[in-house]
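Asks: Below, each chain spelled out in residue letters.
There are 2 protein chains.
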Amino acid sequence: MEKLTPHNIMLMLLSLGILLGVARVLGEIAQKFRQPAVVGELLAGVLLGPTVLGSLAPGLSLFLFPQSGTNAIALDAISTLAIVLFLMVAGIEVDLSTIWKQGRVGLKVGITSIVIPFFFGFLIAWFIPQALGKEQDVTPLIFALFIATAMSISALPVIAKTLMDLDLYRSDLGMVVVSAAIFNDIVGWIVFAVVLGLIDGTSGEGANQIISTIVMTIAFAGFMFTAGRMLIHKMLPFVQAYTRWPGGELSFALILALFGASFTEWIGIHAIFGAFLVGAAIGDSSHLRERTRVTIDHFVSFIFAPVFFASIGLKVDFVTNFDFPLVLTVLMIVCTFKLIGGTIGAKWGKMSFRASWTVGFAMLSVGAMGIIVGLLALEAGIINHRLFVALVVVAIITSMISGPAMRLILKPAKAWRLEDALFSKLFIRELKSISRRDVIHEIVQVACKEFNLDLNEVDSLVWERESALSTGIGKGVALPHARVKDLAYPLVVVGISDTGIDFDSPDGRLANIIFLVITPRDTPDSQITILAQIARLFRNQAMHQSILQTKNFTDFLALIKSRSAGSKEDE
Amino acid sequence: MEKLTPHNIMLMLLSLGILLGVARVLGEIAQKFRQPAVVGELLAGVLLGPTVLGSLAPGLSLFLFPQSGTNAIALDAISTLAIVLFLMVAGIEVDLSTIWKQGRVGLKVGITSIVIPFFFGFLIAWFIPQALGKEQDVTPLIFALFIATAMSISALPVIAKTLMDLDLYRSDLGMVVVSAAIFNDIVGWIVFAVVLGLIDGTSGEGANQIISTIVMTIAFAGFMFTAGRMLIHKMLPFVQAYTRWPGGELSFALILALFGASFTEWIGIHAIFGAFLVGAAIGDSSHLRERTRVTIDHFVSFIFAPVFFASIGLKVDFVTNFDFPLVLTVLMIVCTFKLIGGTIGAKWGKMSFRASWTVGFAMLSVGAMGIIVGLLALEAGIINHRLFVALVVVAIITSMISGPAMRLILKPAKAWRLEDALFSKLFIRELKSISRRDVIHEIVQVACKEFNLDLNEVDSLVWERESALSTGIGKGVALPHARVKDLAYPLVVVGISDTGIDFDSPDGRLANIIFLVITPRDTPDSQITILAQIARLFRNQAMHQSILQTKNFTDFLALIKSRSAGSKEDE
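These protein sequence lines map, in sequence, to chains A and B. To get our numbering, take the position in the first sequence, counting from 1, and add 176. To get our numbering, take the position in the second sequence, counting from 1, and add 176.
Quick caveat, the hints were computed from the structure, so don't treat them as lab data. Certain hints may be false.
Since the list gives no way to pick one copy over another, a pair counts as held whenever it fits inside one copy or between any two copies.
[Said to hold, decoys possible] Pairs of lysine to aspartate or glutamate, DMTMM-like flavour, derived with a Cα cap of 25 Å:
hint, residue 1, residue 2
1, K277, D493
2, K410, D701
3, K179, D493
4, K526, D683
5, K410, D473
6, K526, E269
7, K179, D313
8, K523, E204
These figures come from a predicted structure and were not determined experimentally.
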């Protein structure tokens, strides 16, 4: 049996490790700057592939990521599997019932945000194809149809993430945008599948082949949204009841996705289309357990997706193929018509002027989906490397614009998070004081010194509040707090006392863990939000003991972040 | 860039789907018969590969699983990745601190269960190699060393699973066995790595190469168990504190495993060795969050491991290479010396006669590890197909013997599980009765009819108990119960009443869900255990409402299984 030599294995694991490592680090950095992770992940491939490493050290780049031979095939196999699983997850995230619940407004936005960019994209690509770098040997109709699709597709995952960051995901506006994006996703992929079918047809197989592919595509999509969906919904309880939990459900989802993907590849459109439809059908079932969804989501989002997006950067040289006028043209088309499309739909749905523009900017993200569509078009020979690079760049730029633009228009209330208010300099592992008054003085002093606050003012404010009513909440925790003028953002000083301090708690226990919460006077909600987050931490019985065992700020922050995320999911 | 054609992609996804599907179904069936899942997963490959499908429909088998070309490479790449991740998980499961805690007895069993089979395995392979089917061109020393290692290796995952099934995992005896198996695993893999190093050396690279490989192997193992382990322990809190939870931790573990695997492949031993050592170092850190461990474990155990074990069956024809005398010889050697080795160690540790034999049988499982060692030896050319098949068969047989033999010796108390006492015929979706007396009569009747019990006797026993003290436990649940003579196993009848029945519950709520628990009189603990399991279900606030929404027995069982498993993990 033909198989990998030890050298192939060594190289495959090394290159996967490097690809995943760089992609994850850059993805994390992108998120620190409130950008989608996919921006960093793509950049990893650009750094490791022909663009950067390939021009600095061509030998090393080709050694790690060879363009031909066994290792090229191995990496392609793994990244193909990765994209199939990623689209399955994207499908699972699609919640069809949202569209029905949200009703007309979402549908209107969905329709205009597809029809308008599609129509104008088609016109431009049809009448001035040379402006978009069309190659001579590509059929004009296919090229125009592809451009039209690429202009109108949206990136549901990126859009959903942006809405969550802005705390708008569950708002009315958020639901309109999400349902529009779901509609957009489904229609967009079906149209794109039909376009791919047309190519296969024109490459010498005749009209019958085209029609058969298109009919089968639409039939399969129709099946998955009706009978297939119901069948899966009926089968899930059997799988849960008669197999080991949660392995049965997990395998069931993956096996169906693999078969769906294989089937759509067979009928002449891409595998990811089947994976997406199967994912949508599975995710739509109320029987799918949250735990299974989370396991698949974590493994795919943090392992497979970064590998796939990084591998895109390995395929193309982003510097030599960077064509500024082309990038600008594509960017202008996408921004103009997607923005107008989304905004008009929202106005049509009788939303306010401001909300309509917000919807328009929300629908702007082309994100990961635009990149995938571009990649498939590149591989199918519809577009050249220059247009592919332009599409990737525009996908990234629109995803980066979307969130900040919405923030500018809406000026939403900031989502206050405890972890943003913690600083290593505001962590006192061992408090010296033993009385309540002294401890407050000790921790206030630390905050004032590090952040240049007026010691007397803060100290007296905190003590005044403390004297009025003790802030010992029991379970060994106390939460002294105050609102202070001229503070830019909330600060939380954490002090730990192994001996304990009497904060006059209702349960009579000494307080070992003191959180001093200092918030700006002009954002009253920040105090309440942060106090509630601290109190929620201690619903977990073991939290008090775990915090006493931390040795330094990093341990403490690690505990807060991993526990608070866990408890959110469990709620 | 060399890559998969659409046909390759279609075929890869199809063959993966079939391989995973058949492996998981047979794995589940194996577990229904209380056998390790790996037995069914291996069988899947035997069915789909040259052994069965290959002789019934050779064209189809070769179409799905080609022996050469792009798809063979793609499948090999994915199954190589799968085995690397599987060994990482096996490493994470290894808890080094268990060895220290358990102390001398575990260590004694660990030593004797390696030394005795190793010594006698070596002697037999050295003096009568032809009995074990040694090929002419294999160096006698390497062959003897390999046989010695293969005879002494244990399968920690299978052993741990068997102990859990018998409810012995946390017992003293269980801890002795687990710590011995961990010791055995670590020493076994290091010795095997050295043997692999020797082969590389003898294939023309000279003595320096051998020594360098062996030194690097031992140095790497030593590093991972000391400095590497501590470094990971120090780094984990940083990863948790400064990356998104839980993605950072998940990727960190996988990236390290990939690098470790690549490194050991590079020094001339197999990649899985590095993955195992990295896994052991990561799993040893108390900072690793349970949630991350579970996510990795589920995805690898239910997706990657089945694909890998099934792919083994694709490589060899298990019928033509089945050599009965050889299988019997290997089986005799393994059974005799591993059994003696484990038992002597336990006696040496002053355990009782009965407990010592139990330990001996527990250590008998060669399981998955034996198969992996055999596969590596086959690929390295140390053994032929016939010996490989014999090793696989013996690995399976020993894993199948181990549990039942321990059960025979110990006659442990049966682990009563609610789900085993539920039957679709004992599920009444809509109770007709509306009074407590009538409802009890109605559900008792169903049980007596289906299982031929004496209606009058059971009815009066249940009612007697009910009259003495109401069994309404509140939250809308009642648990009438009785112990009955001549019953083979516990029965639970479930009755649902949308209107509700007054069971005089402490919270005054009507009972909508009635569990009638009938247990055998001679197993008093079965009643308590099952009642406790039902009560625990309703700690989850949403459980009552979810049960009322179930439409049939399958829905109900699915709910019970997925919720109760979830709550166990959360505890």
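Asks: Could you figure out if K179 and D493 sit no more than 25 Å apart (CA to CA) within one copy, between two copies, both or neither?
Replies: between (30 Å within a copy, 17 Å between copies)
Asks: Reference check for the pair K179 and D313, CA-CA at most 25 Å: within, between, both, or neither?
Replies: Classified as between; 23 Å across copies, 38 Å inside a copy.
Asks: For the identical chains here, do K410 and D701 meet the 25 Å Cα criterion within one copy, between copies, both, or neither?
Replies: neither (46 Å within a copy, 37 Å between copies)
Asks: Using 25 Å as the alpha-carbon threshold, which applies to K277 and D493: within, between, both, or neither?
Replies: neither (45 Å within a copy, 56 Å between copies)
Asks: Could you place K410 and D473 in one of the four classes (within, between, both, neither) given a Cα distance threshold of 25 Å?
Replies: within (23 Å within a copy, 27 Å between copies)
Asks: Checking an output row: K526 and E269, CA cutoff 25 Å. Within, between, both or neither?
Replies: neither (28 Å within a copy, 58 Å between copies)
Asks: From the Cα coordinates, with 25 Å as the cut-off, is the pair K526 and D683 best called within, between, both, or neither?
Replies: So K526 and D683 fail the 25 Å test inside a copy (54 Å) and across (50 Å) alike.
Asks: Can you give me the call for K523 and E204, within, between, both or neither, at a CA distance of at most 25 Å?
Replies: neither (37 Å within a copy, 55 Å between copies)
The structure fails to meet hints 1, 2, 4, 6, 8 from the earlier list, while all remaining hints are met.
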